[in-house]
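Here the protein sequences come in this chain order: V and S.
All letters in the first sequence, in the order written, are residues 0 to 412 by numbering that gives the first Met the number 0.
All letters in the second sequence, in the order written, are residues 0 to 412 by numbering that gives the first Met the number 0.
FYI, nobody ran anything at the bench for these hints, they're computed from the structure.
There's no promise every hint is true.
Take a look, some chain S residues computed to stay more than 10 Å from chain V by CB distance [what the hints assert, rightly or not]:
| id | residue |
| --- | --- |
| 1 | L21 |
| 2 | E40 |
| 3 | V88 |
| 4 | D110 |
| 5 | G154 |
| 6 | K173 |
| 7 | M277 |
| 8 | Q326 |
| 9 | R371 |
| 10 | G387 |
| 11 | Q395 |
No farther apart than 16 Å at their CA atoms in a straight line, the calculated lysine to aspartate or glutamate pairs in the EDC-like style are these [to be verified]:
| id | chain 1 | residue 1 | chain 2 | residue 2 |
| --- | --- | --- | --- | --- |
| 12 | S | K2 | V | D163 |
| 13 | S | K173 | S | D286 |
| 14 | S | K409 | V | D163 |
| 15 | S | K2 | V | E125 |
| 16 | S | K409 | V | E355 |
| 17 | S | K409 | V | D333 |
Covered stretches of chain V (chain S as the covering partner; in silico rule of three or more C-beta atoms under 8 Å from a C-beta of chain S) [said to hold, decoys possible]:
| id | stretch |
| --- | --- |
| 18 | 60-68 |
| 19 | 385-397 |
Note that beta-carbon positions come from the ideal geometry of N, C-alpha and C, so glycine has one too.
There are 2 protein chains.
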Amino acid sequence: MLKRKVIMAIADGLGDRPSDILDNKTPLEYAKTPTLDRLAEQGITGMMDLISPGIPVGTDMGHLILFGYKPENYPGRGPIEARGIGMNVKDSDIVIRCNFATVDENGFIVDRRAGRIREGAQELSEALNGINLGNGVQALFQTATEHRAVLILRGEGLSDQVSDTDPHAPNDGKPYALAEPLDDSLEAKKTAKALNVFLEKAHEILSNHPINEERIREGKLPANFTLTRGAGKNIELAPPGLKAGFTGSCIAGERTVLGVANLAGYQLFTDDSMTGNMDTNIALKADKALELIKVSDIVYVHLKAPDIKGHDNEPFEKAEAIELFDQLVERIADNLPNDVYLALGADHSTPCEFGEHSGEPVPVVIYGPNIRRDQVTTYSEIDCAQGGLGRMNGQQFIATLHDLMGYSIKQGN
Amino acid sequence: MLKRKVIMAIADGLGDRPSDILDNKTPLEYAKTPTLDRLAEQGITGMMDLISPGIPVGTDMGHLILFGYKPENYPGRGPIEARGIGMNVKDSDIVIRCNFATVDENGFIVDRRAGRIREGAQELSEALNGINLGNGVQALFQTATEHRAVLILRGEGLSDQVSDTDPHAPNDGKPYALAEPLDDSLEAKKTAKALNVFLEKAHEILSNHPINEERIREGKLPANFTLTRGAGKNIELAPPGLKAGFTGSCIAGERTVLGVANLAGYQLFTDDSMTGNMDTNIALKADKALELIKVSDIVYVHLKAPDIKGHDNEPFEKAEAIELFDQLVERIADNLPNDVYLALGADHSTPCEFGEHSGEPVPVVIYGPNIRRDQVTTYSEIDCAQGGLGRMNGQQFIATLHDLMGYSIKQGN
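Just chain V, same shape as in the assembly (with noise of 0.2 Å):
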């Protein structure tokens, strides 16, 4: 049977709606992107929605969706990070992922990031990594990509049925919440318990750590507290990659990414060039998809950057974003072998109004080998409506790729 391969370019957060200060157009439209129009105008094209119109997803279920998986089978944010930053995680453990923040003297949220901290956190983390936090549980903390943080809570009979710390809301100015248990078990209170020491342990530590005391001497926010959200237990995922007998890589900077990746049986590729901003290595990231594809059926390259602009409510640096998508798809559409699909998409729409992810659907492009080409001449939310693969579910979509690359399994006989 006749096999090809596909690189699929992902543009984090890629979808979202016009905008006034960019002449009514969204940032994919405005933005220059001279590419994505080549292959969406030699390819198929058409608008996916990852789970369901009007469902937003979050970067790790709508990797998940894209490398594979039924949205049902999402394992929780915290054994994610873990996997994506090499944490050793054991079956009993509870995985919580962090942010670093910085809160007032009454515990109120200056800023749920503090100020982004790129620098630093390192030290800061190794600080908070082994605290006793009583009754035989233990702390253990490590960085991921900049402010953000993986917890594991250690020890017997403990529960991921804890709430939030974190508000999650995306304007700042209130307080954090203690951790809750989220059910009656003995387990579930006990990790609450737990929980609230480490985040008043955390912050006396934070507090009084040289790193931040510099950071305030500088100007910058201090990273005073943390902030957790979505404690899971380790799961094993089955690799949809490996049941279907093919091989899969991932390159990206973002570590829920790599996570997701690593959980779904994909090999990654990542590199410190790789930042998760505007200044990450394109050139790297585009001559790795293309020296992986000589041995990978499938490679996911990935940009973070246009998500992180449009939470930030930045149209103009999203567009910016995005023809810096443009550049990295470029270098690999120059060089794609023939027997390659080019697919382009997204795990959801961050609209830069709305500073979170919407429901909104994203435009996908199939660009290759004998693929059936329709009408539409550029990669935009509006044009890739009118296109030959119409509205998809992310599912479809990935099933659609592997169908053409000649990994589906036909139902009958």
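Given chain V, put chain S in place with the hints provided.
Chain S only, in chain V's frame:
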């Protein structure tokens, strides 16, 4: 997080098919609808199947979905209608939807709607209210809109597993059916027997009622029979709006719509001048929508007339009803606050040539702040099939509105 509001204008039974006598246009294409077309041009359009392509829905089911419910939570027509007219339903009551109808001396149906009786229906209902049916069963009867009414069978040991006595034909000339038990239980048998007693006693009372003697003298069809359907019990639906954290209102003349809105937890507004037909007070509807959107997050405003003209096979009059809808929407659009989306839709198609609800999709529009705008410039069943929303089901369309309002819940992190 950015929160916005929605006014949704619903043209009941809007969808149709091209008709010879309308120059091969649908009533919506034939009608002059400058405002509907402007909103389509400046908004995003699509086609909606309330449940799924080719599956027709009733007004109650259609609105249940538009108000945010899953079709599988449908409680039956009787309880919905009863709620709409403010009847006090007990949990043991069997609630049945009725039509006043005209039968000839042999029990053949002359008109399933007794000439769409309006005046006198109240007095006829009062004559049927409180009839003793034997075996400890009492009939409670109350009029709804025009020929519509609700019958409650009240007593011990009753069941909603009884068949309809309404033959449901769009054309008349058939005999009515006797009620049959739908399962082997004693309760179903007892209920069917009580219902048949009611039909007989009601026929006798109605045939001799002065209102009907007067109608015959005036050359009108007498309302000398009651056809029953949709037996059900009182089921509480959890209000989706309240669950999501927003409040809603519904403005309508039609009792079924008000009943569903009430079940769904929406604040109701109606008025005697909202007749459920062509002579309804569209100015009051529009003004009330603009008033209620100040205190509600979502306001539904409903126009029944297009559906009635579809059932009556009157394409010209249906086009007129749609022009009425255009005027209603114009008055809202001209005064729409900046943070409010205006959505257009319908609960189902009622093709004139068919005279009943069909499973063909209905066109939808979402107009408002920074919406993704597609190339469609006309609100019609044909043009909107090219729209940026594509083809979606009712739940997906409503999820899209809730997402734009800022009330969707992110899956994953």
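Evaluation of the provided hints:
no.: 1; hint: L21; in the structure: 28 Å, holds
no.: 2; hint: E40; in the structure: 14 Å, holds
no.: 3; hint: V88; in the structure: 33 Å, holds
no.: 4; hint: D110; in the structure: 42 Å, holds
no.: 5; hint: G154; in the structure: 43 Å, holds
no.: 6; hint: K173; in the structure: 42 Å, holds
no.: 7; hint: M277; in the structure: 34 Å, holds
no.: 8; hint: Q326; in the structure: 29 Å, holds
no.: 9; hint: R371; in the structure: 5 Å, violated
no.: 10; hint: G387; in the structure: 4 Å, violated
no.: 11; hint: Q395; in the structure: 4 Å, violated
no.: 12; hint: S:K2 x V:D163; in the structure: 23 Å, violated
no.: 13; hint: S:K173 x S:D286; in the structure: 44 Å, violated
no.: 14; hint: S:K409 x V:D163; in the structure: 15 Å, holds
no.: 15; hint: S:K2 x V:E125; in the structure: 40 Å, violated
no.: 16; hint: S:K409 x V:E355; in the structure: 9 Å, holds
no.: 17; hint: S:K409 x V:D333; in the structure: 37 Å, violated
no.: 18; hint: 60-68; in the structure: holds (count 3)
no.: 19; hint: 385-397; in the structure: holds (count 3)
Comparing the model with each earlier hint shows violations of hints 9, 10, 11, 12, 13, 15 and 17; every other hint is respected.
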